[in-house]
Structures are given as C-alpha cells and as structure tokens.
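> Residue numbers (this note's numbering), protein chains in the order written: chain A, 9 to 312; chain B, 3 to 339; chain C, 74 to 421.
Source of the hints: derived by calculation from the structure; they are not laboratory data. The reader is advised that the hints may include incorrect statements.
Covered stretches of chain B, going by a simulated chain C footprint (3 or more residues, C-beta under 8 Å) [what the hints assert, rightly or not]:
id	region
1	198 to 205
2	256 to 268
Beta-carbon label-pair distances, calculated as ranges [to be verified]:
id	chain 1	residue 1	chain 2	residue 2	range
3	B	213	C	373	43 to 49 Å
4	C	217	B	211	55 to 61 Å
5	B	86	A	161	55 to 61 Å
6	B	136	A	60	37 to 43 Å
7	A	29	C	92	25 to 31 Å
8	B	273	C	187	40 to 46 Å
9	C	183	A	40	49 to 55 Å
10	B	59	C	157	35 to 41 Å
11	A	29	C	101	43 to 49 Å
12	B	132	C	130	54 to 60 Å
13	C	88	B	59	36 to 42 Å
Virtual Cβ for every residue (Gly too), placed ideally from N, Cα, C.
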Amino acid sequence: MATDITGGTKRAALIEKAGEEVQGRSLWQDAQRRLFANKMAVASMIVLGIITLMAVFADVISPHAYDEVYWDYIGVGPQWENNHWFGTDANGRDLFIRTLYGARVSLMVGIVTTLVALIIGVTYGSIAGYFGGRVDSLMMRVVDVLYSMPLMFFIIILVVVFGRHIVLVFIAIGCVEWLTMARIVRGQTLSVKRKEYIEAARASGVSTPNIIRRHIIPNVIGPVIVFVTLMVPVVILVESFLSFLGLGVQEPMTSWGVLISEGAAQMENAPHMLIFPAVFLAVTLFCFNFIGDGLRDALDPKDR
Amino acid sequence: MPPVENAELLRVQDLKVHFPIRTGGIVFGQYTPLKAVDGVSFSLKAGETLGIVGESGCGKSTLGRGILQLIKPTDGKVVFLGNEMTSMAGEQLRAQRQHMQIVFQDPLASLNPRMTVGDIIAEPLTVFFPKMSVAERKAKVKALMAKVGLLPQMINRYPHEFSGGQCQRIGIARAMIVDPKMVICDEPVSALDVSIQAQIVNLLMDLQQEFGLSLLFISHDLSVVRHVSHRVMVLYLGKVMEIASRDSIYAEPLHPYTQALISAVPIPDPDLEKNKQRIVLGGDLPSPMNPPSGCVFRTRCPRATDICAQVVPKLEEKAPGHQVACHHWGPPAQALV
Amino acid sequence: MAAVLEVRDLQVRFATPDGEVSAVNGVSFDVNESECVGIVGESGSGKSQLFMAVMGLLAKNGRTLGSAKYRGTELVGMPVDKLNKIRGDKIAMIFQDSMTGLTPHLRIGRQMTEVLEEHKGMGGADARARALDMLNLVRIPEAARRLNQYPHELSGGMRQRVMIAMALLCEPELLIADEPTTALDVTVQAQILELMADLKRVTKAAVVLITHDLGTVAGLCDKVQVMYGGRFMETGDVRQIFYKPQHPYTKGLLSSMPRLTEDRRTTLYAIPGQPPNLQRLPAGCPFQERCEFVHQRCVDELPLLQEARPGQFKACHLESLEHPVDDPTRAAIPAEAMPPVIRDVRTA
Ligand SMILES: Nc1ncnc2c1ncn2[C@@H]1O[C@H](COP(=O)(O)OP(=O)(O)OP(=O)(O)O)[C@@H](O)[C@H]1O
Ligand SMILES: Nc1ncnc2c1ncn2[C@@H]1O[C@H](COP(=O)(O)OP(=O)(O)O)[C@@H](O)[C@H]1O
Ligand code: SF4
Ligand code: SF4
Ligand SMILES: [Mg+2]
Ligand SMILES: [Mg+2]
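With the hints as extra help, turn the sequences into a complete structure.
Shown next as structure tokens:
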C-alpha cells in the first residue's frame with residue numbers, strides 16, 4: 009500500500025515518530041490565543057473583573073452601609089476625611105457603596121437574564137432549526153407573535169399584577185431577549201445542518217439528540233457567545249431604563265439606572281450624583297462591547 | 003483488481019427520489035417534482051465496485067443518499083443484505099447503518115471541526131458498540147489510523163490541522179471502523195490534487211481487497227472510474243443510460259451519451275489529443291424540473307429522431323451483461339480516443 | 074519571434090497573521106507572439122498569483138518583486154490608471170468562476186459595450202454590432218437575445234463563452250485563461266476546449282492557459298511550464314514534457330494519472346506526502362520531501378533551471394531520470410546522511 013505520513017516538516021515527522029501522542033490545538037484554543045492577543049479585549053476583561061470584585065467586596069472596601077443615612081451630609085460632593093469618596097446622595101447615603109450595590113444589581117440582572125435567555129434560546133432555536141419544515145414554521149411563528157408584543161407593555165402588566173420585585177425584571181427581560189437568541193441559533197443551525205459532517209453523523213447512525221448535542225451546538229455556539237457578550241449590556245440598559253421609569257428595583261436597594269435617574273434630577277446642584285454611576289455604567293458597557301468585538305474577531309474563520 | 007464473489011449484496015429497484023419544488027408565486031404557486039433520481043435499478047455483488055458516472059446535477063449524489071436512506075426515496079426498493087430498507091425507520095434503520103457507510107466529496111467539510119480526529123473516527127463505534135471500553139476503542143482507532151496511512155500519534159489533533167488528502171483518509175477511517183460491507187464513495191477524489199488522488203484511490207482499492215468491501219464509486223472522472231470499477235453505470239437526468247462491465251463500456255459503448263462522455267475526456271497525450279475527433283454535444287444539461295419528453299437525452303443527442311421524442315427508451319440488455327436505454331443504440335461511428 | 078510578455082525573477086509575497094507566505098519565488102519566462110503556453114501545477118503552487126501579480130490584481134496583503142514587461146513596458150509598480158489602459162485592452166484575463174467575472178446587475182450587452190467604449194472609444198450601434206459579432210464567434214446560440222440578458226440567466230458554459238467573448242473584444246495581444254474549464258462538466262468543457270482551439274487559429278493573441286489538468290494542456294498548448302512550490306520545475310515543448318519528462322515531479326504527475334487509453338497496473342504510482350507549506354519552504358529543492366531521488370545536495374542547494382535537452386529546462390540536481398542511481402553525487406553520500414524520507418508507518 010502506498011501509504012505516506014510526511015505531514016509538515018520532516019523534523020516534526022521525526023518527533024512524532026517517537027511515539028508520544030501529539031496534542032492538537034482546537035479551534036477554541038486558537039480563538040483563545042487570538043482573543044488574548046487583542047489588547048482592548050484583555051484590558052476590558054481586566055476592568056470588568058475589577059468592577060465585579062469591587063461589587064462583590066463592597067462591604068469590605070467601604071466602611072459605610074448602603075442604606076445608612078448621614079443627616080449631616082446630604083448631597084455633598086466627594087469627601088476624603090469621612091470616606092465618602094463619591095460623596096452622598098440626596099438622602100445623605102454614601103454614594104460609593106450605593107454605586108457598588110447598584111453594580112451588583114445591574115451586573116446580576118445582565119448576567120442572570122442573559123443566561124436564562126441563552127438556555128431557552130439555544131434549546132428552542134436548535135430544535136426548530138434542526139427539524140425544519142413544519143415544526144420550524146410553527147415554532148418560529150410563536151416567536152414572531154411574542155416579538156410583536158411591546159416590552160414595556162408586558163412589564164407594566166407584570167408589575168401591575170405581581171407588584172414590584174427584582175425577579176420580575178429578570179423574567180420580563182429574559183422573556184423578550186431569548187426570542188432574538190432563538191432566531192440567531194435557528195439561523196446558525198440551519199446552516200450547520202447542511203454541512204456534510206452532519207450527514208456523515210446521520211449515516212453513522214448517530215441519534216438525533218446526540219447529533220444536536222455533539223455536532224450542532226458546539227458549532228453554533230461561536231456566534232452565540234459573541235451575541236451573549238453584546239446582550240449583557242443591552243439587558244443592563246433595559247434594566248436602567250426600567251428603573252429610570254420607576255419600574256425596577258425597590259428602595260433602599262438600588263441599581264445604576266436608579267442612581268442615574270436620581271442623579272439626573274439633581275444634575276444642577278450635585279453633578280457627582282450623576283457622574284459616578286454614569287461613568288461606571290458607561291465603562292461596563294464599553295467593556296462588554298470590546299470583549300464582544302474581540303470574540304467576534306477571534307472566532308471569525310476568515311482570519312484563520 | 004480483487005475478484006468478485008457471486009452473492010448479491012444490494013439490489014436497487016426502480017428507485018425514485020423526487021424533490022417537491024415550489025414554482026410560481028407564493029399565492030398561485032404549486033409544487034412541481036424535481037426528478038433527481040427517476041427509476042434507477044441495478045444490483046451490486048459482494049466485493050464488487052460499481053462506478054457511477056454522469057455530469058453534475060444528474061443525480062449521482064442523490065442516488066447514493068437515497069440508497070442510504072439519508073433522503074427518503076419517493077418510490078422503489080432498496081434491498082440490502084436481504085432486507086427492504088425503504089420501509090424501515092428509527093432503530094431498525096440505524097442498526098443497518100453499521101453495514102453501509104459513506105465517504106464524502108469535500109474532505110474537510112465532512113469532519114466536525116470541533117472534534118478530535120480520534121473522536122470523529124470512533125463515533126460510529128460509540129453508536130454500534132456502546133459497551134466497548136474507552137481503551138479498546140482507542141486501540142481500534144489507532145490501528146485503523148495506521149492502516150489508512152495516518153500517524154496514530156495524531157489521534158488528538160483537529161481536522162483543520164490536516165491537509166485535504168489526510169482529511170479524506172480520516173473520512174475513510176470513520177467509514178471503515180465498524181467493518182461495513184458496502185461503502186458509498188461520493189466523488190472521494192474530486193476535491194484532491196492529482197498527486198494526492200492516486201494515494202486515495204490506492205488506499206480504497208487496498209481496503210476493498212483486504213476486507214472484501216463492495217464500493218459504489220461515484221465520480222465524474224471517467225479515467226478514475228475506469229481504474230477502480232468492475233462495472234460502470236452511466237446516469238443522465240436521473241435515469242440510467244447504460245450499465246455494463248468496465249471493459250465493454252470503455253471498449254464499445256453502445257449509448258450515444260456514453261460515447262460523447264468518453265470522447266470528451268481530455269487525454270494527457272499531445273499527439274492523441276491534438277488529432278482526436280471529439281464528439282461535441284451541443285447545449286447544456288436541461289433542467290431536471292422539466293425534462294424533455296421521450297428520451298431525456300434527445301435535446302443533445304446526435305442520433306435523435308422523431309421516435310425519441312415520443313417513446314421513452316427502456317433499459318434493455320443488448321449484449322451479454324450490457325444494458326442500454328436507447329432506440330438507436332450501437333457502437334460509435336469513429337474511434338473515441 | 075518577439076516576446077509579448079517578459080517576466081524576470083518575479084516574486085509574490087503575502088503578509089498574513091501567521092507569517093509571510095511565499096507564493097511565487099522567482100520565476101522568469103517569455104510569452105511570444107501567437108504562442109500558447111500552459112502553466113500546470115497542483116493547487117497552491119502559485120499559478121494564479123503569478124499572473125495576478127503580472128496584471129496588478131494581487132490582494133491587498135500581497136506584494137510583487139521582480140519585473141514583468143509587456144512589450145518592453147514595465148508592469149510591476151505601474152500606477153493603476155496606466156495599468157487600466159493595458160488591462161482588458163492589450164492583456165485580457167478569463168477567470169475560473171464566470172459568475173465573479175461578470176457584473177451580476179448589468180446586461181451582457183451593456184458590459185460588453187462598456188469595455189469597447191473604455192478602450193476603443195467605440196459607441197452605440199457600432200459597439201453593439203461588435204459585441205454581437207463576438208458572441209457569434211464564441212458560438213452562443215441566439216446571440217442577439219443574449220445581449221439583453223443578465224449573467225445569472227445563462228448557464229455556466231454560456232457564461233464562460235461570454236467571458237471569452239469579452240476578453241477578445243479589444244483583440245488583445247495576450248489572453249490569460251485561469252482554469253477556464255475547471256468548473257464545467259466534461260461535455261461542456263469539451264465545447265469550450267474545441268472553441269479555444271478554433272480561436273487559437275483565428276486570432277493572433279498569445280494565450281497563457283493556467284490549469285491543473287494535464288489533459289487540457291496536451292490538447293491546446295505549444296509550451297508547458299510545470300510549477301511547484303512557487304517555482305518552475307520544468308519547462309519545455311509540450312511533446313518533450315509529456316513524452317520525455319526530465320524532472321521527477323513531472324514524471325510523477327504523469328505516472329499517477331489513471332488514463333482512458335491504457336490500463337495501468339492495479340496500484341497507481343502515487344507521489345508520497347503532500348505539497349509544501351509555503352510559509353516554511355525548505356532550503357534547497359522544494360520537492361525534496363516527496364522526491365524518490367532526493368540526496369544531500371537537494372537539501373543544501375536550490376536547483377536552478379538548466380537546459381536538460383535542447384529547449385527543455387529542469388530544476389533538478391539529477392543528471393538524468395533514466396539512471397538516477399548512477400548519479401555520482403548520490404552514490405557519494407553515506408546512507409545515514411540522507412534526509413529522512415518516511416513513507417510507510419507500518420514499517421516504522
Ligand atoms: N491574499 C492572500 N494572502 C495569503 N496567501 C495567499 C493569498 N492569496 C493566495 N495566497 C497563497 O498563495 C499560494 C498560491 O496561490 P495560487 O492562487 O497562485 O495557487 P494556484 O496554483 O492558482 O492554485 P489553484 O489550482 O488552487 O487555483 C497559496 O498557498 C495561497 O494560499
Ligand atoms: N435537497 C434538494 N432539494 C431540491 N433539489 C435537490 C436537492 N438535492 C439535490 N437536488 C437536485 O437534484 C438534482 C441531482 O442532484 P445531485 O444528486 O446532487 O447531482 P450530482 O451528484 O450528480 O451532481 C440536481 O438538479 C439538484 O439540484
Ligand atoms: S433514444 Fe434517441 S435521443 Fe435517446 S439516446 Fe437513443 S438515439 Fe439519442
Ligand atoms: S533536486 Fe533532488 S529533490 Fe529536487 S527533484 Fe531533483 S532529485 Fe528530487
Ligand atoms: Mg454530487
Ligand atoms: Mg488558481
């Protein structure tokens with residue numbers, strides 16, 4: 009038999025001949041390498057990490073409690089001697105700790121809701137895409153109908169029926185965002201489904217759930233990850249908007265949206281109340297967007 | 003070429019695969035069948051290679067997929083190892099897949115980019131022998147990798163780290179791992195360079211010899227088909243034009259289409275090629291959506307007469323083992339090569 | 074005979090994130106008037122990029138070194154507006170993918186008359202009449218009707234004919250055809266080959282035919298240049314190349330093809346290994362990893378094109394393919410100094 013093995017350079021062939029298994033580099037690892045070569049993305053990850061750590065250890069960093077009212081300091085600017093680093097709000101509460109508590113809520117809403125949307129969207133979209141035909145039409149019509157429902161209307165109904173609660177915000181935003189996710193996953197699945205390796209798996213007798221799990225999902229997940237990083241900031245913004253309208257979290261708990269809304273009201277006499285939370289929000293949004301762009305470039309096959 | 007046994011492995015009877023295509027507007031549109039495969043019959047013996055040739059779009063791949071039940075045939079029978087396959091579904095069908103495998107045209111596209119080579123080759127094992135231990139599975143994969151000419155140490159690499167020829171070897175290993183009785187090769191060398199093509203052709207023929215495989219070798223390259231096949235079937239617009247043993251089809255093709263195909267192949271020999279009188283067919287392949295009446299080949303056939311437009315020629319045995327579907331069949335008027 | 078195109082030491086480099094790709098590595102040749110030159114080689118051997126560089130059509134990350142002269146005028150580094158006067162007028166190119174070669178939203182007639190307006194200043198009815206003549210020349214059925222059709226309304230074979238007609242509109246002196254029949258079916262390929270053979274007799278244009286199909290070259294070309302790893306391995310007259318190949322690669326290619334005309338043994342000759350990685354070309358002969366006659370000199374020293382027989386050049390250190398073992402250089406090398414050429418895993 010005319011077999012040959014000369015792969016790559018001869019030296020490589022010789023080394024490989026020595027017998028130990030060569031570890032391949034998966035597409036994920038390639039993407040990871042490219043992502044870490046992207047300076048903006050890495051810097052964004054570091055900044056986000058710092059913000060997250062600050063939010064988690066808020067009580068350790070700051071001597072104040074988020075709901076403690078300092079009657080002597082109402083709406084004052086940054087003061088180092090009292091450890092009111094960001095100053096206080098209109099009710100005399102420390103703005104630094106409130107900003108970090110706001111970060112907790114905002115990041116949590118962003119991440120938890122996105123995860124919920126991710127799980128529902130990927131399952132729904134990949135099933136619709138894989139089965140196609142009538143199943144697909146039916147499932148996607150449902151999505152279309154839900155899509156046409158205005159978000160605000162939906163949330164106001166929820167709030168009226170169940171009262172104001174942070175979980176409602178999760179549910180409400182999740183209910184809407186998974187629709188987009190399902191559409192993206194379905195589109196990707198449709199294209200992956202036509203690849204020959206899916207047919208090869210079918211010809212090898214692999215069962216449908218295994219095809220979806222082993223062959224479809226790993227290959228649609230790339231664009232999905234990019235979408236996820238871009239969805240988190242959208243969700244944070246929606247939450248801020250809801251809070252701005254007074255439909256979000258309840259006092260004394262706060263979020264960036266609430267803080268910004270309060271700050272906006274005091275813009276004239278206490279600009280710091282607007283500036284600090286707004287800067288945090290903006291930096292976070294930028295970070296997510298840079299990471300999303302970095303991921304998109306890293307996963308883009310054209311660069312390979 | 004390995005000898006052929008006499009046992010019949012596969013019988014395809016009047017197989018039809020039609021795709022419903024929507025024509026016209028959304029409102030007044032209707033479904034017209036696209037007859038990708040339209041009444042194909044043949045049989046394949048154990049250890050035999052049947053070459054399937056034809057222009058692109060004439061239904062070669064669809065025929066292969068119809069036989070494997072990857073596309074449900076519209077009509078007809080596929081009898082494999084004595085079992086009628088078209089009526090099977092679910093588990094029963096999956097169990098049959100162990101014995102019939104497929105190798106694809108595009109080597110890289112047929113491998114999942116997110117799986118290691120070892121996992122790709124072992125996948126059929128996990129389906130048909132779920133109880134096999136991981137170590138045993140790995141040993142089997144490595145042994146087969148060596149056999150198809152891949153370094154077993156490469157087991158943890160990913161498809162994109164291999165060249166086209168090597169990817170095709172991986173695809174062949176995946177097909178061979180469960181010891182199938184028949185492998186359908188859908189243009190296995192068309193995407194490869196000349197120098198790599200010979201390696202893969204040799205590998206397939208060696209494997210056939212060693213394991214007594216039957217091959218359905220689909221290709222549009224008549225030279226390669228001549229090299230690998232025992233018998234050759236010529237398709238045109240989803241219909242069989244001619245089936246015969248390799249020697250009779252190349253030495254004395256009786257169908258005008260086969261003659262044109264053979265004469266169209268450029269031969270790497272300047273003296274022969276510059277002096278040869280080519281039979282040049284006019285026009286293009288008609289759309290399979292509305293094939294010509296009567297004989298589907300009549301719009302391009304140099305021998306066509308009135309009867310060809312009215313009566314569909316039947317595939318009939320005109321010489322021993324040589325079936326032709328033509329009203330005016332006969333040997334070519336001139337030397338073809 | 075005067076040379077239409079003179080290429081000297083042409084090199085093409087591409088900058089990529091993973092390092093530099095050397096697609097073409099110093100090739101020199103002439104294309105003479107009314108001559109048909111075939112460029113053959115496997116995928117990635119640099120055939121297309123060589124002529125893309127000549128035409129100034131390289132991708133943005135590519136650069137050209139060396140010289141390419143059309144009738145004494147240097148093309149490398151020529152400003153685009155000047156190049157445009159030559160491209161499409163004096164030198165025309167036909168691509169493999171006829172769909173990308175034609176603008177999808179313009180009618181065939183418009184695209185053809187546009188070329189004539191641009192280069193010949195021909196307008197209206199004149200240009201249309203000439204376009205029609207050309208379509209008739211390439212034997213397009215119902216040519217007058219085709220002028221009003223869009224590219225997607227034509228079949229692949231017909232689009233390729235339109236491409237040829239467009240290339241011939243301005244009566245170019247040099248026609249470069251990059252795999253003109255690769256995307257077509259055998260029967261349609263036969264039509265186009267027949268057409269090109271006829272056109273060769275009618276027009277005076279020199280033709281460069283780029284292809285990986287040795288059969289196509291055998292029928293059409295007078296001269297053949299075999300490329301591998303961005304270099305010419307062997308050049309010569311068609312009959313010399315096909316009947317008396319002097320380079321191991323050419324010989325390997327010819328012997329690895331199954332043929333309609335002869336029954337080759339059950340096992341085909343196969344060149345082992347695979348084409349080289351253009352990012353890490355070995356020093357010495359680019360074919361060394363796959364050559365059965367490889368010896369120490371091949372590893373150390375790059376073989377240059379040298380005359381093997383009158384009119385036939387090869388880039389190989391061997392004296393002759395007939396008695397390679399008699400090669401004194403080979404005999405002088407101890408076995409352990411030979412580069413490791415690993416062929417068979419099972420024996421390893
Ligand atoms: N823009 C680019 N950037 C990097 N590498 C490139 C670029 N364009 C071409 N190449 C590389 O240059 C080499 C030669 O390419 P070329 O297109 O000339 O090959 P070819 O001989 O025409 O092959 P084929 O038969 O496939 O057309 C290839 O390795 C290709 O990957
Ligand atoms: N899923 C499909 N839906 C509609 N038409 C199809 C489908 N698959 C193939 N066809 C059509 O069936 C015909 C035969 O296709 P195919 O078997 O792929 O040809 P070949 O392999 O001979 O090139 C073609 O006209 C093709 O367009
Ligand atoms: S039946 Fe008529 S049209 Fe068909 S192949 Fe024979 S001669 Fe030609
Ligand atoms: S120079 Fe050496 S390696 Fe290159 S083709 Fe000649 S003999 Fe082979
Ligand atoms: Mg096909
Ligand atoms: Mg090319």
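> How does the Cβ-Cβ distance of residue 273/B and residue 187/C compare with 40 to 46 Å: does it lie in that range?
holds, 43 Å
> Could you say whether the range 54 to 60 Å given as a hint is met by the Cβ separation of residue 132/B and residue 130/C?
holds, 55 Å
> Hint says 43 to 49 Å; check whether the CB-CB distance for residue 29/A and residue 101/C agrees.
Because 46 Å falls inside the window, the suggested range holds.
> Between residue 217/C and residue 211/B, does the C-beta distance stay in 55 to 61 Å?
At 58 Å between Cβs, range holds.
> That 36 to 42 Å hint for residue 88/C and residue 59/B (C-beta), does it hold up?
holds, 40 Å
> Is the gap between the beta carbons of residue 213/B and residue 373/C within 43 to 49 Å?
holds, 45 Å
> Within the region 198 to 205 of chain B, is the number of residues with a Cβ closer than 8 Å to a Cβ of chain C three or more?
Since three or more residues must qualify, the claim that chain C covers the region 198 to 205 of chain B holds, with 6 doing so at under 8 Å.
> Could one say that the CB atoms of residue 136/B and residue 60/A fall in the range 37 to 43 Å?
The hinted range 37 to 43 Å holds for residue 136/B and residue 60/A, with Cβ atoms some 39 Å apart.
> Note whether the CB distance of residue 86/B and residue 161/A lies within 55 to 61 Å or breaks it.
Holds: the Cβ-Cβ distance is about 57 Å, inside 55 to 61 Å.
> For the range 25 to 31 Å, tell me whether the beta carbons of residue 29/A and residue 92/C fit it or not.
Because 26 Å falls inside the window, the suggested range holds.
> Taking 49 to 55 Å as the hint, is the beta-carbon distance of residue 183/C and residue 40/A inside that range?
50 Å Cβ-Cβ, so the 49 to 55 Å window holds.
> With a Cβ-Cβ cutoff of 8 Å, does the region 256 to 268 of chain B contain at least three residues near chain C?
holds (count 7)
Taken one by one, the earlier hints all hold for this structure without exception.
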